[in-house]
Each structure stands twice: as C-alpha cells, then as structure tokens.
Amino acid sequence: MAQAVLIDGLRSPFVKSGSKLNDVPAHELATVVVRDLLAKLDLSADVVDEVIFGNISQSSDAANVARVIALNAGLPFSIPAHTVVRNCASGMEAISEACDRIHLNESEVIVCGGVESMSNIPLIFPKNYTNFLAEWMKAKSWVQKLKTLSSFRLSMFSPRVALLEGLTDPFCGLSMGHTAEVLAREWNISRKAQDEYALQSHRLAVKAGQDGKFLDEMTPFYLPPKYDEVIQEDIGPRSQQSMEQLSKLKPVFDKYYGSVTAGNSCQITDGAVAAVIMSSEKAASLGYEPLATVKSHAAVGTDPKRMGLGPVFAMHKALQKANLQLSDMELIELNEAFAAQVLAVCNACESEKFAKEKLGLDAPLGNIRKEILNVNGGAIALGHPVGASGARLVVTLAKEMKRRHLRYGLATLCVGGGQGAAMILEAGT
Amino acid sequence: MSSFRVEKTASHLAIVTFDLEGEKINKISTDIGKELEVLLEGLKKDRSIQGMILVSGKKDIFIAGADIYEILSVTSSQEGTEKSREAQRLPALIESLPFPSVAAIHGACLGGGLELVLGFSYVIATDDPKTKIGLPEVSLGILPGMGGCVRLPKRVGLQNALDMILGAKVWPAKKCFKTKLIDEWVPKEILLERSLEVLEEGIWKKRKREKVSIQSLLLEKNRFGRSLIYKKAKEQVLDKTKGHYPAPLRALEVIYETLDRGMTDALAIEAEAFGELVSTSICKNLMGVFFLQEAAKKKTGSNTPDILPKVIEHAGVVGAGAMGGGIAQLLSHRGIPVRLKDIETKALSRGLSTAKKLFDDLVLKKKLTTREAYQKMIQISPTTQYSGFKHLDLVIEAVIEDLSVKQKVFLDLQASTSPETILATNTSSLSVKDIGSACAHPERIIGLHFFNPVHKMPLVEVIRVKEVTSEETVVTAVQFVKQIGKVPIVVKDVSGFLVNRILMPYMNEACYLLEEGISISMIDQTVEAFGLPMGPFALTDAVGIDIAQKASHVMYQAYGERLKPHDFLDKVVQAGFLGNKNNQGFYKKDKKEKHENATIYSIIDVKPREQAYVSQDWIERMIFLMINEAALCLEEGVVEQPQDVDVGMVFGMGFPPFRGGLMKYADSVGVDKIFSELEILERRYGLRFKPALLIERLARSGGTFYEH
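Respectively, the protein sequence lines represent chains X and Z. For the first sequence, the numbering used here begins at 2 and goes up steadily by one. For the second sequence, the numbering used here begins at 7 and goes up steadily by one.
Simulated from the structure, these hints should not be mistaken for laboratory data. Hints may be right or wrong, so weigh each one.
[As the list claims (entries may be wrong)] For lysine-lysine, the following DSS-like pairs were computed, each having C-alpha atoms within a straight-line distance of at most 27 Å:
| # | chain 1 | residue 1 | chain 2 | residue 2 |
| --- | --- | --- | --- | --- |
| 1 | X | LYS21 | Z | LYS679 |
| 2 | X | LYS227 | Z | LYS597 |
| 3 | X | LYS227 | Z | LYS462 |
| 4 | Z | LYS396 | X | LYS41 |
| 5 | Z | LYS679 | X | LYS400 |
| 6 | Z | LYS290 | Z | LYS597 |
Input sequences plus hints: build the corresponding full structure.
If you want it as structure tokens, here you go:
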C-alpha cells in the first residue's frame, strides 16, 4: 500500500469573526492559501491530481467550494475537486480522505484543507415568508393578490440565525455549549479549572506568535478590496488576558447554574488551511522532503449529548489502527471546543471506569500530559473556524514535531452531532 | 473573379459568401465594389430570387473595412470624392434590391463593412466576443464615406451615431442590439439558419423601429435640441483633438448638416468632405502610423525565421513599486499568473493596491466583470521570499535604479530560477549588460523597458546586449511583448536606449529656454500646441524630477558634453522637489487645479519674462535636437530603421501621430532645412546643436530619412 505523506501546510491568519475578514467569502480566503502554498512549494499545478476541502456552512453562491477554490487558485479545469463535511472535523476529514485516495492508488498528489468564514454564515428568511412569496408569485388576479397579502405577518421578517442553528445539535436539541455543560457536571470540572485552562491557551498562543512559530505555517493576507492592509498575525489570542477578567464573565448557555463562558469556549473565527498530501514515492520523485507520514486516522460516533468526549473514542481507534499506545504520543493537538470538554477528555483517558464501560479496556487509555498538549495554544485563543480547524491541528502538529524532532504525534477533535476524529503522524517517511 | 460565391436555396434565396481571394481578411476596394455590383445587378434581374443573405467566408472576420492602401494612394481631393461616390453606390444598390436582404455578421465588421451593412433590410450578428462592429475611420484621419455619416444617425439616433463616429468606436453585439444597429444577436452556430428563417417567414418585415424616448423627443427630434447636441459634441471634439485632428470635426459637421437633407444631397456632402480629408497630409501620416504599428507587430526580433519563441506561461516581477505593480497588473490581465516579490509586505500591499485600482477602473468601464477582475487579481501572488520562482518562464526586475541593488537582485534570481528562465530588467537608464554581468547564463538576460504608466503607454523597448543576449531570448521577449498587447522595438544596449536618449536633449533645451526667462507653462503650452500630449516640465513632474535628474547624469557620462545636463534639475531636486509624487514639482496641485509652482523660479533664480508671443524658434530648438539625437541613434545602429524611431516616439512618448512620427516630421520639414537651422543654432548656442553626420549627408544629397 502506498504511504501518504504530508509535504507542507499553510494557513491564513485566524481572525475573529465580524472583524477584518467580515467581507471576505470563504472561497476567497482559501484561494489565497492554496495559491500561496503551491507557490511556496514551487509545485506545478499540472502534477496535482485532485482537490479536497472541508467546509461546513457552504455558501449558496459557491456550491462545492473546493472546486471554486481550485479554479480561482489557477489549477487546471481537468483537476477534480470535492467538498467534505464532518462538521468540526471537516478539515481533518479532507486530509484523511486524501490519505485514503493515496492508499488506494487513485491519486498521487492532493491539495486538501479546510475553510470557514463564520462571518459569512447568513441569516435565513423563515419558511412562512418563503411560502408567502411563492403564493404572491402565483397570484394572478387582484382578488388573489389581496387574499395573499392579507396573510402577511410581520413575524415573517424575523430571521433564523443560521450560525446558531448550526451550533445546535439536530438530534438531541442541545446547543454545543450545553453539551459542554453536561461534561462539566458529569466530570466535575470546576469553573476555575476551566478558566485556568483558557488562560493557559491564550498564554501559549501569544508566546508561539511572539516566538515566530506561526511564520512558517501562515501566509500574510492582503485585505481586499483595496489591498492597503496586510493581516500577518492571528486576531484572537489576548496577551493581556487575566484570571480576574475570565472569572467575571457570565455563563452563556446555562445562565444560572452553568460554568461555560465565552472566555473558556473557543472563539468564532474566520480562517483557511491548505495542505499537500502525496504518496511517498511521488514526493521522492518530485524531490520533496515530507514533514510527516500519516500513520493512521479514524472517525467514530458517540452520544450527541456528550459529543465532547468524541476524541477519546477516536484516539483509541486511531491508536489501535497504528498499533501504538497513547504513551507513545510525544505531542498532542486536541481541539479546544470548550475548556470543560478538553479537561473531560483528559479525565476520561485516565479513568479506569470509562475504559471498562465505554472502551471495553481493562486499563485506562493513558495520561495526557499537560506539557505535550496544545503547546502552541488552541481554539480558545486562536479561534475555531469550524471547517478549517481539523487541518490546522494536523499542520501545526507536524511543524512542532519537526521542530522538536519527535517521532509520533496525534491530532484529534470532538465533532458536533456526536462524533470524534483523530490522526496519528510519524516523523519523516 | 471569385471573391464572392453564390448559392441558391430551394426556397429561392441567394446566399452570397464574401471570401476575398488570396487574403486572410475581407476588405472593400474599387475592384471588389465592381465585382459586387455586377453580382447584385445579376441577382436583381433574376426573377426567381426571393431574398439574399450576405455572409463571410473568413474566420472571425466579416468585413474589416476598406482597403487602406487604396485610400492612401489617393492624391487629390477630387479623386477622393470620386472614390467615395463610387463606394456609396454599393449600400444604395442593396437598398434598391427588389427582394429583402439580410447581413449575417460574425467577426469584425468595421468601417466600409458596416456602411455596406447599413443598406440591408435586416441585420443579424453573432453574440461571440469576436463580433465587433464600428466605424473607426476618424482615427485614420478620414470619415465614413460610404453613406455611414448619413445612414447611421437614422438607424441608431443622433447621439449614438456621434458617439460611434466621432469616437471611432467599436461596439460588441450586445450594445449594437441595444441601440438597434442590429436587429438580432444569435449564437454563431445558428447564424445562417436564423438568417434563412428571417427571410422565409417574413420576420424581416417586423424590423424594430428606433425607439422614441422622451429624451430623444426633447433632444434629437427638434431643431433646438439638435443644435445643443451639436454644440456639446463640438466642444468635446475640440477638447480631445486640441484642433490637431480635423476628421472628427468634419464628420460632426457632415452629420449635422445632412440630418434633414434628402439622400442624394446628403451623400454628395459626405463625399465632398471625404475627398477633402483623404488628401491631407494628416490623413497620410495617421495611416502611416497605422502601418508602422502593423509592421512592428509582424517583426519577430530576429532575421533568422527558424528561431521560435518560447511561450511565457508563468512570470515573476521583482519590485512592487508603480512600475512593478503596473507590470504585474498588465500580465495578470493578459492571463499570465504573476509572482510579485518585494522586500516587505508593506511594499507588496502598495503594489497590489496599484493593480487593484487598475482592475477597478476596467470594471467601471465595463471592460471586465467583477468576477473576471477578481480572478485576474488573485493571480498576482505577493511574496517576500524568492519562493515559487523555480518554474517561472520570465522574471521582470523593476526595483530602484541602482546598479548594485539590481545586480544583487539578478544574483538572487540566478539562484532561485531555473537556467532557462528569461531574466529581464525594466531599467530605464542603466546598462543591461552591467546589471547581469555577474550572472552565469547571460544569454538569457535582456532589457524590457516599459513606460510609465504601464497600462497606458503602448511601447516596450526590448534591449538586446550585443553578442550576449541569445536570439531565442530576443525572439521570445518580442513575442511576449506582443502577447501582452504592447508594441515592441528592439534596441541596442546604449545609455537611455532609444526613447529616453532622444528625450534628454529636448528636456535639456527646455531648461535653457527657461533660463532665458520663458515661463514653465509657456514652454509646455508651446510643445502641447505642437501636438505632444504634455510639455517637457509636466512630463518631468510625471516621471519624477529626481529620476529624470539621475538619468541625465548617467547619459552625460555616456555621451559627454553634447548631453551635459543643465543644472536646473540638480537645484530643484536638492530643494526637495520631486514632481507629482510629492506634489512639489514645476507644477503644484491645489484643490484639483494645477498651476505653476512659483517657488521654482526662486530656486533656479530666474524671473520669467512677460511674453506676448510664442516663437517658432523654441519648438525648433527642442524638436530639432530630438531629430539630431535620433539621427545619431540611426548612425550608431541603436535601432535599424527610421521607422523604429517613429514607433518608439509615437508609442513611447506620444509624439503626435498626425505628424507621422519624428523622422517623418523631419522629412516633411526637409532635412536640408534642419541641417542649416542646426548650423545656425550651433553658431549661436554651441556644441549641443552640432548636426549629426547623417543629417549632413542627407542634406547634401537631398535625401530623406525614410528613403536613405
């Protein structure tokens, strides 16, 4: 079986929604990243076999966004492209699928990644207004028109917020924040522990930025329409964040008894990530030295109400596939949807009870040491452009593994709707 | 005689295919007119014919216009008028046919082609982008002389007609349909099918009449409104031509005068005016410039025909200043993705802004859709590293005019590109050889000198380093310049190349005139009255005084005393005056009003005289010096022919096309006169007027530049 290797990855700055990238649609954001990655690698567009991109809130004016990105980035018409959705793991799913395509010998060079412009998730007219408009178009006579008009209600103008609807589980009806509250209660995670974790995320992200660690994975974004401004760093990490500020914030989801606040949840963000996956033979023949080999990847399903524990199951499956132990992992990127959820995952990994009941194991999965977890900060500071984050974790992980000369690393995310996804990387080929 | 084929259908329709023998395009000439006349008379007599369709046998060309060589050969106004009268018979003959006629247009339909079409009962054109319809006659110094001035206003209304004829405009099918110039626009696959249908089903009878709007009632349909339109149009024409180009004005008069006349009268007036214009030297010069451009487009840059150019698919630009940004925009506009490199993101951001503004303008002018502009814009990828340069076919360096900086860039490029990548410098005053001197594979190094502003100036000087630059590199560069829609001339690697070198003594002389107390604006106005788009001081402001000053010293070093720069530029630059870029130049802009910068006079210690008259001397001093420098260039083989000089001067500095070019102008003045004037000036002012040997030789033999 062909080996799938990660050649390199690049991302846009991650920018808080509703701010600087407010008027930049998702496909434009990703086009720049794909264009710049190909140029950075001096990779001729002709050798690319296909394009796979993850994206959740697909915009109606850029259906199959992967294709729009590929063509705008200057890839030839002949290269096929498709878009994948596994909610928060969509970006990782694109990379996973790329690896599968390599394993199947279907492709040798794949441009993949993820993108989300949460600024551009629309408001939607309610269904009764759509019905009203349809009736109005059908009405021919004045009588019919008057009759239709009389059915008009002002409430028809109150929009549905697609962003909020997207962050609500369609099966159990809980919002993502409420699923975090469930975990906080069940795993007994205090508000203070959550806030401390959040503060740490900001500190690490700020430091990583200051140390120039993101320079290699980020391409400057020249801001349209005038191009007179350049965004060269993430807008999200707060260098001045303090425990005091965090502790003052009110719980957003369970206003009375909850502990999940805007401060200890991930930020809503716009961003794009692109990566190039090749078969190891092709990489060698083109003269590229890969960042890492994709050792295994896995996706799992779990209880939607406790979607935050998805990573535990996903890690377990990916480790099993790679024939490795959690203790073999020298670096872990675990997406920070909520501080409560990250801490619950850590607890579950160490829990013998959980191992027995849920994983069917005699011993716990293992210990996730704080020193190797999200060492450059996570989504609480950097933000979580939902379709893009999965790809960022993989790219960030690979680059940090290389910096530290590590052999194994793992990236994993919880997935809204009750799933988990994980990927294990091994250094070199 | 076989330029027309006639095919009769079962439904008794005649399909006439125009396919000019031995040519790639269809054009109308006296011979073709006679042939068509015979054919039409024949059809007229054939009682069985129910209708006629005219199509073209050429790919993507319907009728490109009248034969310009024939027009050029006209020597007197009587002859011109006769030619026009003869040609006018064609659309009239079509109008008089006893059966309906359909013009089925695909591709260019210009000048005489459109005038012919105006005689048809029904006009169908394809919606293809290749289909372009218009009357560009006035750009060649004539007016539509086949009834176009008379029939077009009746078809599309007075204002639209003026817009097309006076502006020498060419419209796409969509606009033609909207203005009712054509009756239908259809996909090209069904053009003939639909034309047959139109005749067979009598659809041609339902031709849409000109729509009468309130605006047209108020303006075009009454005497008062018309005179208002006339006055306005006249103002616009004078504003645009500054009185140098008589054709648009004459066309306006003809259109206005013939509005209410009968056809016979009207056509006579048109033919009269055509004859007048066609025999002028202005018309001949404009056509001469047209041929110069056509000839420049045909040159490959090499005398060896088997050296083929490489195709440029990917390019890089180093330096994101005004030139770099402009070049990047031009390339991406022409479909070539560009890697744009500069030292820092701020500079790149400025370069991208420059490009974006140009794209915005194109969208505003409806030359591009927003979507197209985005897709082109995104193909300029900014970078602070030399990444993504390995697979580029061509890199154009456009950093500051500093030899060591440019040499460093070329070494970087050598390291970051493949040995086949052509490396070009956009230097305006440095030696191309020096810039690439440290590089291995110098055969791929060349100069590509664009003019500022890049999107407006049509010329690019292709600078070949003698015995270094390879033939293949030259041929590729010339082809590339054509590919991006510019006009190339191949120039030797001498200081200032061709255009800037010729400009230098002229700018210098302007400073001497200024020293004598003639005011800045007076000098500029004199030059503008001669026909140049701007005077020497306005030009220096636009280029940047510091840049002009730097160049003047480089050229002084190269050419010695003859081009010793006047010290005014040094003084002005020392005082911090840089021109338009810091709004401190010979002119200053206040609230959009541009006026002389009074402080300049105190810096150079000159009091401008009160000057009541403009002297012909001034122009002679400046222009004759240019001619002299051009003659030296020809002697030294900087370019091969006087035609190259004229291409350079017309498309590189805007030397007035109605004068045919600098060398053409010299010939019209008389080389002997120029020689004797230069001798007088040399005695009066010194060495800088010393006539070139070539001028002396031509003067003595009574020859001209064009025929030496």
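ask   = Keeping to a limit of 27 Å between CA atoms, is the pair of LYS21/X and LYS679/Z held or broken?
value = 67 Å, violated
Hint consistency between LYS290/Z and LYS597/Z [alpha-carbon to alpha-carbon, up to 27 Å] = 42 Å, violated
query = Are the Cα atoms of LYS396/Z and LYS41/X separated by 27 Å or less?
reply = Holds - the C-alpha atoms of LYS41/X and LYS396/Z are around 10 Å apart, at most 27 Å.
query = For the pair supplied as a hint, LYS227/X and LYS462/Z, is the alpha-carbon distance within the 27 Å limit?
reply = 21 Å, holds
inquiry  = For a C-alpha distance cap of 27 Å, please report whether LYS679/Z and LYS400/X respect it.
reply    = 77 Å, violated
query = Is it true that the CA of LYS227/X sits at most 27 Å from the CA of LYS597/Z?
reply = Given that 27 Å is the threshold and the Cα spacing comes to 24 Å, the pair holds.
Hints 1, 5, 6 from the earlier list are contradicted by this structure; the remaining hints agree with it.
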